[in-house]
Amino acid sequence: MERPHSSGNASEVQTKQARYKEIERHIAEPHGPSATSRVPTRDDAVKKVGQQKELKKQKEQASGKVVATVAKDGSVKPKKITSSPAKSKSTVRTKQTETPKKSKKPHKKNQKPKTSSIQLPVKTFVALVLVIAVLLGSFIAQTYLANRKSQTSQISDTLYVVTIQPGMNAHQIARSLQLAKVVSSARDFERFVRANGYDTRLKSGTFDFKGPREFEDIVNMLVAKQTDVRNVKVYDGYTIAEIDSLVAKMKLADEHEFVEAAEHIASASRLPFAEGWFLSGDYSVSTSQPAMELAQKMHSALLSVLQAHAAAIENLDRPLIDIIRVASLVQRETQNPEEMPHIAAIIYKRLDANWKLGIDASLRYALNRFSDVLSEADFQSNSPFNTRKFEGLPPSGIGSVGIQALLSALYPAENDWWFYLHDSDKRIRYASTLPEHELNRARYLQ
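Numbers -1 to 444, taken from the numbering used here, label the letters of the sequence shown in order.
Hints may contain errors.
[Stated by the list, open to error] DSBU-like cross-link-like pairs, simulated, lysine-lysine; straight-line CA separation at most 35 Å: (1) Lys179 with Lys249; (2) Lys57 with Lys19; (3) Lys354 with Lys424; (4) Lys57 with Lys45; (5) Lys424 with Lys231; (6) Lys247 with Lys424; (7) Lys347 with Lys424; (8) Lys354 with Lys387; (9) Lys19 with Lys51; (10) Lys45 with Lys55; (11) Lys45 with Lys19; (12) Lys231 with Lys347; (13) Lys231 with Lys247; (14) Lys201 with Lys247; (15) Lys57 with Lys46; (16) Lys55 with Lys19; (17) Lys201 with Lys249; (18) Lys19 with Lys46; (19) Lys347 with Lys387; (20) Lys249 with Lys231; (21) Lys179 with Lys201; (22) Lys231 with Lys179.
[Stated by the list, open to error] Simulated restraints on C-beta separations: (23) Asp414 with Met248: 45 to 51 Å; (24) Ser422 with Asp215: 30 to 36 Å; (25) Ser430 with Pro270: 33 to 39 Å; (26) Ser369 with Arg268: 22 to 28 Å; (27) Ser369 with Asp280: 23 to 29 Å; (28) Ala266 with Pro433: 48 to 54 Å; (29) Ser430 with Asp197: 53 to 59 Å; (30) Met166 with Asp370: 16 to 22 Å; (31) Ser369 with Ala310: 32 to 38 Å; (32) Asp315 with Ser430: 50 to 56 Å; (33) Ala266 with Met166: 29 to 35 Å; (34) Glu434 with His169: 49 to 55 Å.
Hint data in this document are derived by calculation from the structure and do not stem from the laboratory.
On a predicted model such as this, the values are computed, not experimentally measured, just so you know.
All C-beta atoms in this analysis are idealised placements derived from N, C-alpha and C, irrespective of residue type, glycine included.
Take the sequences, apply the hints, and build the full model.
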């Protein structure tokens, strides 16, 4: 290497040259005097730079990624993914972070496919649950009503009987009509009556309405002049034959006319028997067809009570014809409303336990002897109404029922009694066991 010459004297130049030679010697011998390397030249530097470029190029080529791809035939093939044109490291890293490339993964055998799920907001989910609940409740309600209608098919809403007592004002009459389901709103009906000046023209009596009607039609019936109307009082427990005799004595109809009307209604309603399906009470009938009208009103009045207490029929879980027969037995066993629910409960318990009912009123109905003393021969009768000899209920009811007897059969009391009797003072004596009952017999019936 050439050295620059300074502007000093010859001795200084020689001294500097000697110093440069010493430095070159140390450079040439980096590992000591025994080393045999030479001083790198410019060509060596150029060659080294070329090698570094070649190495860098190889590294750049080797930086491309290779991933496995699945061919249609199921084989796995390598695929080279080349990098983008030269960019700085920081730029490449940012790009990879923002948009990562997806690679196809080979399908693993026996691997369960991933299922996608739809996530809904909480409010939307709750709303859907409520809608489903409402629809399900509506379906259950319709099913329930259909079953109830089939079980209580005898209940009809074709006729509602409403009795307007003398002295009742417009407000009381409106309430009576609403309770009978003739009008949906007593307040609206009362306003209509007062606004049109009918409040002082409404008449008393017993009226029958076929389902809900317009206010004007109802008012026309209530203010219409009642011509040739007779009042009939049917006492609790009266049989169809006794009612027939009552109507005949009042000269409202011929004998057997009411019996025929009652049997016709039972047959048309597909009832297994007629006795017991008529509610006792006070009725107003016209003189045109009094027997049929009375039978129809008595039957409709009983159905109205049953319809109003349809839930109780469902809760009892008993055939409707059994409830009617129990109510009829209770009506003949006592006239005391407080005793009726307890007697009904005793009858139901004896039926469930397959005990004989032992109700003499049933045998009296078959013998048509309600006041005479029954003999031992009577108790040996093979009549199906002899509940001392045969288990279960009698084949039919044994008389008309009053509202209290019917309600007692629908809502029997809870008690521990299985026996009862009435003493000489008509006071009832209950017993839980047979020995207690025998003691009551010895004490109160001797």
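(request) Enumerate the violated hints, using their earlier numbering and listing them in ascending order. (result) As far as the earlier hints go, 2, 16, 24, 26, 30 and 32 are violated by this structure, in ascending order.
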